[in-house]
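Chemist: Combine the two chains into a complex, taking the hints into account.
Chain by chain, the residues:
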Amino acid sequence: MDGSAGIPEWVMWVGAAIGSMLGALVIRLGWKSAGGEKSGPSDGKTFTLDAALVDSGAVRLLTAAIEAHTMEAVAHRSEAEKARQIGYRMVEAVNSCAGEIEELRREIGDLSREIARSK
Amino acid sequence: MITGRIVERFRERVSEWFCAGYLFIWGASLLHPSAAFSAPGYAFFRKFGENDVGWTLAGIGLLWLLGLIVNGSRQKATSTIRLCCGVVGSVTFGLFGMGFVGSYYITGILSAGLGLNFLLSLLALYCLYWIAVDKRTNG
Numbered sequence: 000m001d002g003s004a005g006i007p008e009w010v011m012w013v014g015a016a017i018g019s020m021l022g023a024l025v026i027r028l029g030w031k032s033a034g035g036e037k038s039g040p041s042d043g044k045t046f047t048l049d050a051a052l053v054d055s056g057a058v059r060l061l062t063a064a065i066e067a068h069t070m071e072a073v074a075h076r077s078e079a080e081k082a083r084q085i086g087y088r089m090v091e092a093v094n095s096c097a098g099e100i101e102e103l104r105r106e107i108g109d110l111s112r113e114i115a116r117s118k
Numbered sequence: 000m001i002t003g004r005i006v007e008r009f010r011e012r013v014s015e016w017f018c019a020g021y022l023f024i025w026g027a028s029l030l031h032p033s034a035a036f037s038a039p040g041y042a043f044f045r046k047f048g049e050n051d052v053g054w055t056l057a058g059i060g061l062l063w064l065l066g067l068i069v070n071g072s073r074q075k076a077t078s079t080i081r082l083c084c085g086v087v088g089s090v091t092f093g094l095f096g097m098g099f100v101g102s103y104y105i106t107g108i109l110s111a112g113l114g115l116n117f118l119l120s121l122l123a124l125y126c127l128y129w130i131a132v133d134k135r136t137n138g
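Protein chains in written order, with numbering that gives the first Met the number 0: chain A, 0 to 118; chain B, 0 to 138.
These aren't lab readings, by the way, just hints derived from the structure by calculation. Predicted model only: the values in this text are computed from it and were never measured. It is possible that some hints are incorrect.
Said to hold, decoys possible - Some but not every residue of chain B turned toward chain A, in silico, with C-beta under 8 Å:
no.	residue
1	L109
2	L113
3	L127
4	G138
Unchecked claim - Short derived list, chain B residues pointing at chain A, Cβ under 7 Å:
no.	residue
5	G48
6	L94
7	M97
8	Y104
9	V132
10	R135
Beta carbons are placed, not taken as given, at the ideal position from N, Cα and C, and that holds for glycine.
Excised from the complex, chain B in its bound form (with noise of 0.2 Å):
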């Protein structure tokens, strides 16, 4: 039933559920070992460490997801911490899409990451316009 509920919701909250998992396998993938941050266009970062970046992006994610797979079956129970990762991720989308302009301006080199992240931002901000009127409407 749970699960009935969920994929239910999914449709009108994949663009959530995107830019969750996205960050959550973001910060994933930078608690990898390997030295993601070598790469030039994370050069901006570097100053920040790689592992600290990691766990905060992968923790906001994760809380993220856990938010809608709990708000998805319980509709009143975790809308604040959905509101809450909104404008988290959204910041963070935008602050890394400034960071990859900083990058460019140590390297020279332009990454696809720059335009990708000020658009995922705009794409959270468009999420949170939802998740308040979701939680007017229901909570």
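Just chain A, same shape as in the assembly (with noise of 0.2 Å):
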């Protein structure tokens, strides 16, 4: 075998480029591995967060929690204006009631002054 060229340079040249595209291919594959699915699969149904698998399943059942919630705390917030109104008129009510008393008692010591005199 002595006096060949050995391998032709080409070959080595084909060699170097497989190499790098390799190289590039595993720098791909570790870069992917660490940083997650970030973009959803094609059927849209299902997409990767980080390491958590969330379906669409999930999330419609969320959807309709949190939308129940805010229902019951509109409902809640109604009540309590209605009570915080029947509170106030109740107020307004003792207010006048007790303006009456005071009208009544100034009205009998009326009375009970002109009785005094016409003795």
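Modeler: Structure follows, in structure tokens:
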């Protein structure tokens, strides 16, 4: 075998190109494995968020729960407003009664003074 | 403190240190005045020149080692250098493996360097995977 050129130079160039592509592929694999799948698959039903897998059913359940909670909060707020208005009216009524009693007391006083004068 | 961080990360980067160190020492050995390429196993490499090959290998190895030393203490600083040196190192080992195949075709003598360099190329690819993971995770 002595005297031959070994392997042709173009084989080395092809080897270098294949090696570089293999290197790029390995980097891509490592990069993707560390960062997780960032975009959802083509079915559009599931996607991975870092390590957690979230499917569309779980998202629907969560949405329904949030909606129910919001409705309940609105109903509670309406009830609380009604109670506040009733309380306000009661305070108004009690104030009015106090005024009436005050007036009666004054009239009774006037009447008793008149009776005393007529005697 | 810097040495402590390098030692701490050395355990997970030991194969990378080995590849870088091997490239550097091999290149430095070729720079020695003795005619290493006169050995039959290096017959294919004679046309590239011992001095040029030595400087190339030692340069890549030294850069990779520096990247590891700095990156061991400053995580985000030199990960790109390590990544580039990983690619170059892997390709270099693969090409050397092919070169030993060429030497076999010239002299008919099969060198142990043939299998060793292809294995080192695979080891450098393995390092490259974890460098990419490290770069993505820590910057």
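Chemist: Which earlier hints turn out false for this structure, listed by number in ascending order?
Modeler: 1, 2, 4, 5
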